[in-house]
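Enquirer: The primary structure of each chain is shown beneath.
Number of protein chains: 2
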Amino acid sequence: MDDYHVIIIGGGAAGLTAGLYASRAQLKTILLESMIPSGQAYMTERIENYPGFPDGIAGRELIERFTQQATRFGLEIQQFTAVDRVEAAGEKKVVHAGEKRFSASALIIATGAQWQKLGIPGEEEFTGKGISYCATCDGAFFKDQAVAVVGGGDTALEDALYLGRLARKVYVIHRRDQLRAQKILQRKALEEPKIEFLLHTVVKEIRGEGVVKTLLLENLKDAEQKELAVSGAFIAVGQRPNTDLVRGVLALDDIGYIITDQDCATSVAGIFAAGDVRKKGLRQITTAVGDGALAAAAAERYIEVKT
Amino acid sequence: MDDYHVIIIGGGAAGLTAGLYASRAQLKTILLESMIPSGQAYMTERIENYPGFPDGIAGRELIERFTQQATRFGLEIQQFTAVDRVEAAGEKKVVHAGEKRFSASALIIATGAQWQKLGIPGEEEFTGKGISYCATCDGAFFKDQAVAVVGGGDTALEDALYLGRLARKVYVIHRRDQLRAQKILQRKALEEPKIEFLLHTVVKEIRGEGVVKTLLLENLKDAEQKELAVSGAFIAVGQRPNTDLVRGVLALDDIGYIITDQDCATSVAGIFAAGDVRKKGLRQITTAVGDGALAAAAAERYIEVKT
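Residue numbers (the numbering used here), protein chains in the order written: chain A, 15 to 321; chain B, 15 to 321.
Keep in mind that the hints were calculated from the coordinates and are not lab data. All of these numbers come straight from a predicted model, not from anything done at the bench. Watch out, some of these pointers could steer you wrong.
[To be verified] Cut-off 27 angstroms, straight-line C-alpha distance, at most; resulting in silico cross-link-like pairs (DSSO-like, lysine-lysine): (1) A:Lys-106 to B:Lys-208; (2) B:Lys-106 to A:Lys-197; (3) B:Lys-197 to A:Lys-320; (4) B:Lys-42 to A:Lys-42; (5) A:Lys-197 to A:Lys-183; (6) B:Lys-157 to A:Lys-320; (7) B:Lys-208 to A:Lys-293; (8) B:Lys-202 to A:Lys-106; (9) A:Lys-197 to B:Lys-42.
[Said to hold, decoys possible] Listed below are several chain A residues computed to face chain B (Cβ distance under 7 angstroms; list not exhaustive): (10) Gln-40; (11) Lys-42; (12) Asn-63; (13) Gly-66; (14) Pro-68; (15) Phe-80; (16) Gln-83; (17) Lys-131; (18) Ile-134; (19) Leu-204; (20) Ala-283; (21) Thr-300; (22) Val-303; (23) Ile-317; (24) Glu-318.
Backbone N, C-alpha and C define an ideal beta-carbon position, used for all residues, glycine too.
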């Protein structure tokens with residue numbers, strides 16, 4: 015079994031930043047990542063709000079730069095179909111991946127989260143071409159255009175209000191008669207003249223040519239269908255953290271996010287969480303790199319003082 | 015008086031990231047900064063641990079890129095000799111700078127912090143050329159070399175332990191007979207064979223040619239002087255947050271850092287703090303950009319819901 019100071023699980027912005035910091039601090043560090051790159055940043059066509067790239071940068075290129083930088087300082091990266099199991103009980107944490115086992119004094123979980131999909135025709139095809147799961151990330155691309163938000167919770171209405179400041183028109187499409195969002199957000203959204211609600215309505219299909227042109231809607235009361243012309247749609251029906259691996263090992267919140275303190279320490283000494291997988295207020299590359307640095311520094315302190 | 019959605023004070027990594035996020039969210043935003051750029055990042059010769067730049071980047075260039083990116087989305091920047099006063103009592107926050115006054119619904123303080131200097135000959139001349147105030151930032155430049163750490167607190171010993179993993183030799187120079195650091199750090203440092211303590215000793219002068227070559231030391235017990243050959247010295251005698259402006263307005267900790275919650279909210283509703291000025295565990299560009307994004311998102315939510 016190969017022994018390390020630090021094992022990082024997850025090769026997105028948070029994991030690679032943790033890897034950069036830990037390797038640069040001369041800690042023997044390995045990062046285990048999925049064979050198929052699937053981080054939120056990697057999948058993003060154009061990122062405008064990671065500071066340092068005034069003209070924006072493709073997510074794929076940014077993550078490649080992160081990888082190059084971290085490996086330059088000695089970070090070892092191994093790819094697996096899946097990381098299967100984490101043993102947290104002993105002094106050394108043990109990670110099982112396929113037939114391999116790795117041990118380390120400290121473990122950083124940076125496995126990210128996934129947006130819930132609608133699972134309808136056109137959704138995958140037009141992702142990054144009008145379909146987005148993050149208004150803060152992509153809203154600015156739709157200045158003065160008509161867009162839709164799909165969902166009825168806090169995130170959906172926050173997205174609608176955000177988009178209300180820049181888009182020409184915002185449709186909020188929700189399958190139920192009532193919104194789940196906090197009353198104050200509902201009131202604000204109702205006050206905003208650009209926002210129009212289409213309740214008891216679902217999106218059946220996303221249509222376009224190269225980019226999104228229309229949404230095929232169905233009214234659930236009378237089964238009537240119509241096409242709605244929009245340049246983009248923001249799907250805000252929830253997010254699922256990738257925490258199956260640590261369920262029963264670490265304290266999670268109701269949705270499944272890992273609960274940490276301000277320094278990214280989890281409920282188990284020596285295990286840290288960074289990035290979208292962590293319970294926190296804002297999931298962005300900026301906050302992921304902040305987390306990655308924090309988790310690596312906390313792991314380093316843990317190794318210095320506790321072991 | 016010019017009215018804004020958001021006023022940001024401070025033009026470093028945290029302030030500019032907050033400016034990027036707030037402007038991109040179509041909030042009318044102004045950033046007030048010092049006439050003389052003096053942020054920690056700006057002053058750093060070469061930054062290796064901000065992800066995205068595999069070969070490193072000059073601090074000045076990085077901050078220029080941040081500025082270009084934020085202004086591209088409409089951030090207004092004005093420079094002042096000093097920002098004089100903040101009025102936090104009313105519904106609108108008011109900022110006085112010279113003869114100008116600005117009002118806004120939300121205010122983000124990103125005024126940073128300064129390392130305490132020794133104030134000795136050679137210190138300024140060799141900053142960035144062997145003299146550093148941050149082992150996490152610059153330690154990796156001194157691999158397999160002899161370095162000194164000046165100070166006797168937690169930061170000094172954490173720096174010494176960090177450097178012990180990569181340098182050939184680490185001298186800890188402290189003016190008193192006893193260290194102030196936690197016992198556990200003292201024990202760890204004493205156990206590390208590369209670390210040597212020079213107590214009741216001060217640095218009188220930093221000498222070199224282009225880069226640091228030696229430190230002139232004085233033993234405070236017998237006034238004897240000697241030269242110590244090192245490639246670098248890390249000054250760890252404390253940091254001072256730039257919070258004179260908000261003293262009496264916001265809750266500060268003993269040292270003067272602004273106390274916030276996880277979302278960068280201060281003790282006053284509608285005022286947020288981001289970056290080195292905030293009480294937190296790690297002060298890096300990575301954590302500053304995380305804070306900047308968080309503070310802008312929190313300000314946006316505050317404006318949407320509370321005003």
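Enquirer: What hints, given by number in increasing order, does this structure fail?
Expert: Hints 4, 7, 11, 17, 18, 19, 20 and 23 contradicted; others consistent.
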